Structures are given as C-alpha cells and as structure tokens.
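Residue numbers (the working numbering), protein chains in the order written: chain E, 1366 to 1979; chain S, 54 to 526; chain U, 34 to 226.
Calculated from the structure, these hints are not laboratory results. Quick caveat, the model's predicted, so the values are computed rather than measured. Ideal Cβ positions, reconstructed from N, Cα and C, are used throughout, including at glycine. Do not rely on the hints blindly, as some may be mistaken.
[Claimed, not checked] Below, a sample of chain E positions facing chain S; criterion: calculated Cβ distance under 7 Å:
#1 K1437
#2 P1440
#3 G1571
#4 W1572
#5 P1671
#6 L1673
#7 A1755
#8 F1762
#9 H1808
#10 L1876
#11 I1882
[Said to hold, decoys possible] Chain E is nowhere near these chain U residues, computed Cβ spacing over 12 Å in every case:
#12 F104
#13 A217
#14 T223
As a plain string of letters, each chain reads:
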Amino acid sequence: MKKFFSLGLVRGLIWQAIGTAAGMGLLGAIRALMGLPWKTEPAMVFGGVVGAITFLAGIGTMRDWWHMALGKPVPEAEEVHETPGGARYFGVSLDHKVIGVQYGFLSMITLALGGTFALIFRTELAQAGLDFLNYLQFNTLIGMHGMVLIASILMGIAAMANFIIPLMIGAKDMAFPRLNAFSFWMAVPGTVLLVSAMFVGGFETGWTAYPPLSVRGPMGIQMFFLGVYIVGWSSILGSLNLIATILMMRAPGMTLFRMPIFAWAMLATSIISTTATQLIGLSFQMVMFERLLGMGFFDPASGGNPILFQHLFWFYSHPAVYIFVLPGLGVISELLPVFARKPLFGYRWVALSSMGIALTGFLVWGHHMFTSGMEEYLRVPFMYSTLLVAVPTGIKFFSWVATMWQGRLRFPTPMLFVLGGVIVFLMGGLTGPPSGTVSTDLHLHDTYYIVGHFHNTMFGGYIFPLFAAIYYWFPKITGRRMSEKLGKAHFWLLLPAFLLQTFGQMRIGLLGMRRRIADYDPEMGFTFSNQLITIAGFLVAFSVLIFFINLWISARKGEVVEGNLWESRSPEWQIPSPAPLHNFAEPIRVVGEPYDYGLPNSRYVETVRQPAGD
Amino acid sequence: MAGHAEQAPQRVLIASANPLFGKGLEKLLRQRWKIAPEQVRLAGEMHAALNALDQWQPDLVLVDYDDETIERARFLDHLIQGGGRALQVVMVSLRDSGEVVVYDRQTFRGERAGDWLEQPWPTQPPSQEQPRRQDGMKHFVIVGVLVVIFTVLTNFGLQSAGLLPVQASAQATLIDQLFNAHYWVISFLFSLIGVFMVYSIVVFRRRGENDTQQGKFFKGSTKLEIFWTIIPLGTVLYFSYLGSLSLADIRRVEPQALVVNVTAGQWYWRFEYPETGITSGSLVLPVGEQVLLKMTSADVIHSFWVPEFRVKQDILPGENLVKELRFTPTLTGEYKVLCAELCGGAHANMNAPVIVMDKADFAAWEAGEMAAVSSDPAARGERLAKNNGCLGCHSLDGSPLVGPTWKGMAGSTHELADGSSVTVDEAYLIQAILEPNAAVVKGFPPGVMPATYADQFSEQQIADLVAYMQSLK
Amino acid sequence: MSTHTAVLTAKEAARKMTTRRLGLWLFFLSDGFVFGGLLVTRFYLLGQARPHLEQFLGLIVTAVLLVSSFFMNRAEVSIAHNDRKSFVRNTVITMLLGIVFLVGVVGFEWQLAPFGPADGTEGAVFYMMTGMHAFHVLTGVIFLGFILRNGMRGHYSAENHWAVEAAANYWHFVDLVWIFFYPALYLIGTVGG
C-alpha cells in the first residue's frame, strides 16, 4: 500500500484531484465575493487548470527548477539518481529512454481507449436506427475517438523520438532532460481532462469543435478544450527539445547529411509541432472565452465570424497531420535499407522531402474549408498548394521503391509492417487529390470518403510504422525480441481487415453517406456496407489485442537478444541491448555513410577509444 | 584533382612507429607508382606526422596506427576538418586483424559532382556478384508491361464499380469528368508503385535463412530524382489547372436563375420562393433551369448537399453571411437534401425532400401552392406545419420522434419533466410553441425545440397551428 | 545558476550555452505564433476599424515599456561586467516600469474603455490581445523578481549569468510583441468599427 502511494503517478493524480477541488472552490469564493452565484462551468475550467498545475508540482517535475529559481544547487541531469526497477516508469525520470517508454505506455492506453470508442459507435452504426446510443452520446463518442487518438499519436511519436533519437545520434540524452520529463508528465493531466469531457456532459461538435455549435451546448466541450490545450503544450515543449537535441548533440563527424534519416524526419516534424500547435491552443482558447465571458469572436450577432475559427484551427490541424505521418515515413526510410541490405536511395532527397512536406504543409489548410463559405479567391490557390504536396511525397515513394529494387529482401515482422505501411499510405495518398481539387471536393467533403482517406493516411503513415518501430526497437528497450509468430498473426489480420474497412468507407462516402451521423436511412442501401465496416473494425481491434498480448509476453519471456539483431549500421545497434544507462560507454564518431549496406568493409560509426587515464 | 588508383599520388606520407615497416612500404609504393623519393615522407611519431600533414599537404597518407604512438583518431579529425583538396587516408594496423581501411576524401563542384555520381564505383571487390546490365533491363521490361496492364485494369475497375450516384445536375456531369481524370492518375500510380513493390518482394528476396548476400549497391541518381520531381510537378500543376476550369464551369452564372431562400436550423429546412411568396418544407424545382439558393442559418453551421447534384455549401448564421449555391437539375426525380455539417443532436436526420419536376408540373405546383390559402384554420395550420419543419420532430401517426406525436395529443393528459401533470389544452399548446422549454413533457429532451417561433409566426398562424393539432385525433 | 562542480571543457561549456540559447529562441518562435494568430484575428474581424481607446494612455504605457527594455539591457550589461550594484538597480527599475505598464493597461485602460469583453468583436479582440500580452508582462516581472533575488545574493557573475540573459531576452521579446500590438490597436485604421 505504501509502495502504491509512493509512485509518482499516484501522488500526481491525488494532487490533481486536490488542486481541481481547490480551484473550483476558489473560483466559487471569488464569485461569491463579487456577489455572483455559483456557476459550474467556469469553476470546472479554473479547477482543471489548477489541478494540472498541482499534478505537475505534486509529482515533482518542477522541484529542480524551483530550486534553481531560489538559487539552490542543482545536480546535472546525468548525475541525478535513477530509481531502480519498474517503479521508475511511474515517476519522474530524467532518462530519455525511460521517458520514451512512459510516452509509449500512455500512447498505448489512449490507443486502446480511442479504439474502444470507435467499436462502440461502430456497433451502433451496424444497423439503421438509434439502437443503444442517443444523439449526444454518439456525437460525444466520435469526438472523443478523434481527439483521444490524436493525443495517442502525439505521444507515440514522442515515445519513438525520445527513445531513439539520442541513441541514434550518439548522444547521452536529450538537450533538456528536465524539460523532457515535464513535457511527458503534462500529457497525463491533459489526458485526464480530455477524457473527463465524457463525464461532464459530453459535447456535440466532433473533434473539430466548430463554433457556433461549440459555444452552445454541453459543458464537456470545456474539458475537451482544456485537455487539448495541455496536451498541445506537451507537444510544443517536447519538439522544442528535439530540435535542440538534433541540432546540437550529434556525435563528432555526424554532419546533418550523415545523420540517420529518422532524425531528419523528427527535425521536420518538430519544426511543425513547435510552431503550429500554438494556433489550435489559441482557437480553442477563444471559444472558451466566448463561452465564459461572452467574447464574441465567432458570433455573427456580435460582428464575429465563424470562419475565423476554421482558419485558425486548420492552420494547425492540417500541418498536424504531417506531424502525425512524417515520423512514420521516417521509420519506413530508416528500416527499408536494413531489410533490403542496400543503401537508402537518394538519401539527401529523402531528407529534404521531409522538410519540403513540412514547409508546404503550412500552406494548404484551406482545403478543409472549400465548402465553408470562405473568401472565394482563396479556393483555387489552396487547391494548387494542396496538390503540390504530392511532389515531395512522391519522392519518398519512388525512393522507397528504388531502395527495394534489386535488394535482398528479408521479411521479419518489422519489415512486414513497413511494407504494409507503404501500401496503406499509398492508398491514403492516392485518395487525397480528389479531395484537394475543389469541384470534386464539393461532393466528397464531410462524407465517409474523407473518413476512409484519412484513416488510410493515419494508419499508413503512423500506425503501421509505429508497430514496425516497436517490433524493431523492442530489443533495445528490453533485451528481448517480440514473438515472430504473434507478430505475423497481428500483421496478416490487420492489413486485410483494415483495407476492407477503408475501402468500404470510401465507397459509401462516394455514394452519399455523410460522416458524423448517428443514424442513416436504410433506404440508401448502406446497411450491409456498414455492417462489413463494423466487422472489419472489430478485426482490426482484435489484431491490436494480439499485439498487446505479444508485448506483455515478450517483455517477460521473449527470446533474449543482446547484439545487433537486424545487422543494422545505426549507432544504437552498436551498443548492448537493452541500452545501457548513459547509452554510450565510450563516445562514438562517424567514419562513413549511414546506409552503405552492401559496401564491404565500410562502417558508419566507431567508438573513440579513450586514451588511458582519462 | 583526382585521386583515383589509375593515376599516382603526388605526395605520400607514411606514419608508422615501426621504421622497418615504413621503409618497406615506401619501397613498395615507389615501385608501384614510379614516384620519386622526395614524393614520399616518413613520420615516426604524431607531432612530425601532423606537421607534415599541415605543411607538406600530402594527397595520400598511410597510417600504421597502434593508437599509442600513432593515433587513428587525430588523422581522421584531419581528414574531416582539413581543406578541400583530395586526400586519401589508408589505415592499417599490424596488430589488429590485418584489416585495411581506406578513407578517400574528394571535393567536387557542380557538374563534376554529377559526373562522379555516374562513374562506376572503382573499388568494387571481386567477390561481389555483378549482375549483368541485361538482367537489370529484363526486370524493367517485365515491370513496365505489368504496370500498363494494371493501370488499365484498375481504371476499368474504378469506372465500372458504380462509385458515384446518378448524375442529376449539370454540375454532377462536369464534376464526374474530373473524377474520371483522377481515376486515371490513381490507377497509374497505384499500378506503378504496386507492381514495383510486389515484383521486388517476389524476385529480389533473400534466398533462404542463411543467405548473407547484400543488395545491389547503388545510392542514388540525380537524373532520376529530377525526373521524378519534374514530372509529378507538371502533373499536379496541370490537374490544378483542370480543377480551376472545372470550378469555373460549375459556378457559371445564368442570369435568369430561380431564386430560393433557404433557412436551415436545428434540425429542419425551410424553403422560401421570393418570386411567388411560397414557403415549403420540400425543395421543389423545375428541371433544366438554374437554381440560385441563398442560404442562412437560424443557429449553427449547417450544409446543403444533395449527393446526386454533387455540389455542397456550408450555411452560416448572420445576416451578413448569406451563402449562395447555384446548380441546374437535369434529371427529374425525388432526392433528399442532407445536412452535411455536424450541427449537434439530430443532425443525422436533418433531411428534406428535393423534388425535380418538368416545367409544366412545376408551374402547376406553384399555382397550387399560391392558391391554397384556405379558409379552414386547420388546413392552414397543416400547411404551416408541413412547411416549417415541425413534422421533422413531431409525427402524425403516433410514434414518438424527437418530440411528442401530435396524434391524439390535444385534450390528453401528460406527465411533465418536473413530475406534475398537465392537460393539453389550447393554452398549453400555445405556450408549447412560444416557450418550448417552459413545460417539457417527460421523456423528451429539453432545449431542442427552437424558441424562435414567437418571432416567426403571427398570432393568427399560431392559432391555425393549434387548430390543426386539435384536429388530429 | 547551479553550483555544480563537474569540470566541463571550454568547448563543452560553449556548446551547452549555445544549446540553451537555441532552446530559448525556439520558445520565442513558438510563442510568437500565438501573438501572430491574435494579430490575424484583429485584422480579420475588425479590418479597417480600430477600437475606441485612450490614445494618451496608450502612448504612455508604450513609452514605459520601451524604456523598461532600455533598463533591462543595462541590467544585463552590468552583470556581464560583474557590476552587481548596477545590475540590482536596473533590474528593480525594469520591474517597476513593468508594473506601471500593467497598472496602466489593466488598471486604467481596461476600466476606461467604453466597451467590455462581451461588447462585440471590438471588446473581444482588445481584451484578448491586451490580456495575453499583460499575462506575459506579469510572468516577466515574476521572472525578474527571481533573478533580482539571486543577483542580490551574488549568484551571478560575468562568466555565469545565463538566467539574466534569458530573462532579459524574454523581456525584450514581450516588448517586441507590444511594438506590433500598439499600432494594431491604437494607430492603424479608423475609429468607429
């Protein structure tokens, strides 16, 4: 019992509860002093903010900074003692590998949660008529599904980046280890707040939260806004850390064009997330204040304009999807050479294509607003910019194909997921242009076609590569490998089930099924397709369950692998598995190219033997 | 500026702590390359070696390292940080496995860099399999043919799968043409990437668990990169251009369009024909004539969409934010307008009939609507109920929808949400229309029925509605 | 700021400083996007119209903030020359000026403005922009309070005053934002929107 309460996470949550109650009480007291009656909504918002702060203080992420502020001596991050054993995953650790796993846990939990929401509303949709959900419950579930999974993606990306990047560039840790821990722990109260939206009234708007609808209606939307705001800050600070790490902490000899391609992918991703994310925060903040204080940004009766929200919101939310896929595409580029046993084709072009996608990604947000009634002269330019993103994306596909071409391909589970990712992302990419062209989008917007399109891009660009990454780097975390049998079962169930789901979705979207509808007219002939999609969804979930079982079993009893299992040239595979505490016992130096697979006697990195007596 | 094996180095520096080794190596090199004694220097320790590196500037350095007297690391630093001249550094250690490592630094500018990329790799060791050029071509031919076949097949599949609803507007025909253009590109790219991938998976695979062969070593091709950047760039620019033409086509203005004012609200549609003063809950249209919808919302964002017409337009609240949509129906029939922007609550069921009739029938309909100003209050009430979306939430057949059914409602007794009970008399019905949330019947959601009817209906109209409700036994 | 005693080579110490500076500037870049979004909002909603505000008051608070940046710089330069007394003095002046700014905006302008936050887009834009900015000024003053305290206790030296550099740059950043916000709210466009 005592051990349970000594866990940082538990202490943090208790402090969050205390802080929330205190905040609510404080606001109530202030209002009472001003002669105003109790109002739950502002109390909840204020309480939520205070609770997040007390969580972070209570778990101890701010203690060292507080000491610094008071001028007290503070040890260097690498000298801080790490709690031994499994308990260290439940409290503040400054070790990027621990933080990476922590993000991974949170990401898997939110993955299961968001996926379960989908199974619930898909069950409702399997038949026409409102069977067991009412409108508000359905609308809340689809909104939660979207945003909880977005949070899961952000955290999964942070998991991969945190664990792998320092190892991959030959660094001991991230540039700012305390900021790293702080960024992770922010995501916990943020997620708690986000999920609480379901329990304080739900919300009707879907994850896009458009006003005026989000200004009216149930209070759950405030918890949704607050949760996203805080998770967003986690993302901003985490990516700031990554940029500094990648730019400043590479091993000697590792010029930018000699670093692993995944580092380029994370650099491009981090540039987007450190900047654009502020805009979803701002747009949500504005709706929150419109609700709380009547500030009429988006209310036409006050002179406001709902389209402004859409501009601000999508200015983040479009680049956001590149945040979601660039790391996974980087994983694909990183793993293909290892399993094809030949160099990544056109390394520089692939590296710069990530930056190209990041840059052009900022210029296309209007394609979410083709039917919105925005200024007419914006539609055609946004169409041009949107289709332009296909160029750097195409470079990636062609480079992947050229990397595989005339290789000696091997197909362990990570490679299956890499190839699956390419296929699924191809589907996503090919179904994009009809939505990117204005006149065809007038038909497609807000239908299941769009749902199919973005599930393809999300699974192809994130989910499949995420699984590939976990199967691939699992030995570096645990010193064991995951079961190949279960891994293959996971893959061969997931791929066909998922394609059945998305092709079904795109088909009925084209034929007239709108998205975000709790019910549909049986006479439209969509019932059978919806049933198939629901079944496919359950199969997808079942495959992920197999994966979770694999994770659990393999961490305990998986085959021990201590060396370079995949015969990779990359730095993290030149050290023992699991990766030792401070990563590299001796510093490494770059002496060759990262992807010269097949070039005899060539090495990428070697350890710098320290002269005796240092 | 080259340092290729075919030519000879100009200045060779040998760094070795072992004088015998150094001298022996020097002799070997001078025989091999026919170079003069002053072109070779020996250095027995780091200080002399680094001096020579800096000042004498050799283009080949042979390092016999032991990492005590002669340290590899510092030579490598030099290789990495030194100036732009060509430099080869050969690392050998008599104490280690006899492995020899060659670092070859060359610096090129501009086209020379491109030339260098095209050259065959000079130090390919003999043990590496060299597939003949013809083999490479064979693969491309097979793949090429397969790509063409699959492109045609895929496109055929997409076209014949009946993916789109019937074309019931001029806009639909134009938009579907653009869809067809997209299908071609999708088919081609799908086949291109797919065939290459599947072919690679099948043909270029590892032969058995113990196959340690590596893949064919090539790192890139600037020509190819430029090619597969320029072609897609041209394609997307062309498609954007096609898209802009398509958009202009579907937005073509016909001066004599039929104007219909559309009001969308939670969760109903109302259509008003300003020319004839008709109000209707269905959108009735003549075929072949352009329609101009002027749309506003009573509350939140909605969106007008008829799949068979293809075009869609969001509807905003605010008098200054009226949005227009033009289309020309080309096929008579009955369709539905679906709200295509999540508007909360019963968004899924926010539909209204769209009826396209030929011109004569439409004229007849218009005439009928205008004449139907009845003297019977209940009949007037019935029209009001139909035309203002009431029946979207209140049924006439006894089934509860979002709101209570009107069948048999008047005169009955109901329990309210607060537990009290009420007799549904005239006063209650009037209150229920003007102040919907004042006394909600138990089991029905509050806050759903619009509270705007006080502004919308005159007293007479309210009385007519009540008369209609009272007539429904 | 820490009294950690491990020996860092000069090269490693320089790299660490550069890394910290990079982190700080990335933070400014990120935060800048919020203010950018607010400027876009102001012009999107108000266009050529400008809120009814007290021009004289606006001029005064702007002057106060600009002058405070001057003293902030003096404080930083002082400690870079090991002049602790001057550092303390100038930091105190900067803080006072910052507080004067806050009193001027939140204390006076907010009360004197003929509109409240719920009064149309004029109110919404004005109070959100000045509110977000004032929040940053407030956190800047708090940050300065900490470095003042540490500075008075002798924690900073010419070689070791990263916290001062960071606080000073933050202060200048917040001032820079106001250099855009002031014209956007007080100068550009015509009153009567």
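Against the structure, the hints come out as follows:
With 7 Å as the threshold, the beta carbon of E/K1437 stays out of range of chain S, its nearest partner Cβ sitting at about 40 Å, so the hint is violated. Of the supplied interface hints, the one on E/P1440 is violated, with its beta-carbon coming no nearer than about 31 Å to a beta-carbon of chain S, more than 7 Å. Hint status for E/G1571 relative to chain S: holds, with the closest Cβ pair at about 5 Å, below 7 Å. Checking E/W1572 against chain S: minimum C-beta separation of about 10 Å lies over 7 Å; hint violated.
Here the hint on E/P1671 is kept, as its CB sits about 6 Å from the closest CB of chain S, short of 7 Å. A cut of 7 Å between beta carbons decides the hint on E/L1673: the least distance to chain S is about 12 Å, and the hint is violated. Contact between E/A1755 and chain S, as hinted, is supported at the beta carbon level, the nearest pair being about 5 Å apart and thus within 7 Å. Hint status for E/F1762: holds, given a least beta-carbon distance of 6 Å to chain S, under 7 Å.
Taking 7 Å as the C-beta cut-off, the interface hint given for E/H1808 holds, the closest approach to chain S being about 4 Å. At its closest, the beta carbon of E/L1876 sits 6 Å from a beta carbon of chain S; the interface hint therefore holds under the 7 Å criterion. Proximity of E/I1882 to chain S holds as hinted, the smallest CB-CB distance being about 4 Å (cut-off 7 Å). Here U/F104 stays apart from chain E, with its beta-carbon at least about 22 Å from theirs, past the 12 Å limit.
With a closest Cβ-Cβ approach of about 16 Å to chain E, U/A217 is found to remain outside the 12 Å limit, as its non-interface label requires. Under the 12 Å C-beta cut-off, the non-interface status given to U/T223 relative to chain E holds; the minimum distance is some 16 Å.
Checked against the numbered hints given earlier, the structure breaks hints 1, 2, 4, 6 and satisfies all the rest.
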